[in-house]
Amino acid sequence: KNQVEQSPQSLIILEGKNCTLQCNYTVSPFSNLRWYKQDTGRGPVSLTIMTFSENTKSNGRYTATLDADTKQSSLHITASQLSDSASYICVVSDRGSTLGRLYFGRGTQLTVWP
Amino acid sequence: EADIYQTPRYLVIGTGKKITLECSQTMGHDKMYWYQQDPGMELHLIHYSYGVNSTEKGDLSSESTVSRIRTEHFPLTLESARPSHTSQYLCASSENGSNEKLFFGSGTQLSVL
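Same order as they appear, the protein sequences are chains A and B.
Position in the first sequence (from 1) plus 691 gives the number in our numbering.
Position in the second sequence (from 1) plus 687 gives the number in our numbering.
With the rest of the complex left out, here is chain A:
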């Protein structure tokens, strides 16, 4: 069964600190992995998209890594800000399918305290 599991479920950190969010997946065949940020009451916004051949991609203070062999990804946030408080969702697409075949994780709820 294709699944995407994220950990931790929730996380509280102090402003300025770094943190790392985890994503494990069993989706096969693999096409790409995406990280989205979803603010409360808003739609998700894309942070990164990585294909099989990419093992790291950065977007400002966000750096995503991918190990396609172990089927794991992480999202590292550097020097956190209050505006980073949001749910971070890992999404995996299977190869050879339409875009409709996306597998969503339940997200990690990050809270940044001043």
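Simulated from the structure, these hints should not be mistaken for lab results.
Pairs of lysine-lysine residues, derived as DSSO-like cross-links and limited to a Cα-Cα distance of at most 30 Å, are as follows:
no. : chain 1 : residue 1 : chain 2 : residue 2
1   : B       : K744      : A       : K692
2   : B       : K744      : B       : K704
3   : A       : K748      : B       : K788
4   : A       : K762      : B       : K744
5   : A       : K748      : A       : K762
6   : B       : K788      : A       : K762
Values in this document were obtained by computation on a predicted structure and should not be read as measured data.
Given the structure of chain A, go ahead and fit chain B onto it with the hints provided.
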């Protein structure tokens, strides 16, 4: 920023009412999607479209229907709303291609009393 808009943002209605959730995008994307999301849960695809006059049901069974008469417009309709339909509904669009980015609207929070 994404140019995809959903209305209304919030809707509270009584059981049995017919409702239409609006979604429009100005990016000229062929592909559009409707997702349903409950608090703390993953998004579930309920409908998608690859172009005008093309609509398909998604992974999650839904009593809603959609139409795609124009590229930019992808409304979702519930003929008779029930409390079980209470949820957040997210519309999205994307360009063609295998790694295309999804652009989401801000969502409609529906509450059926």
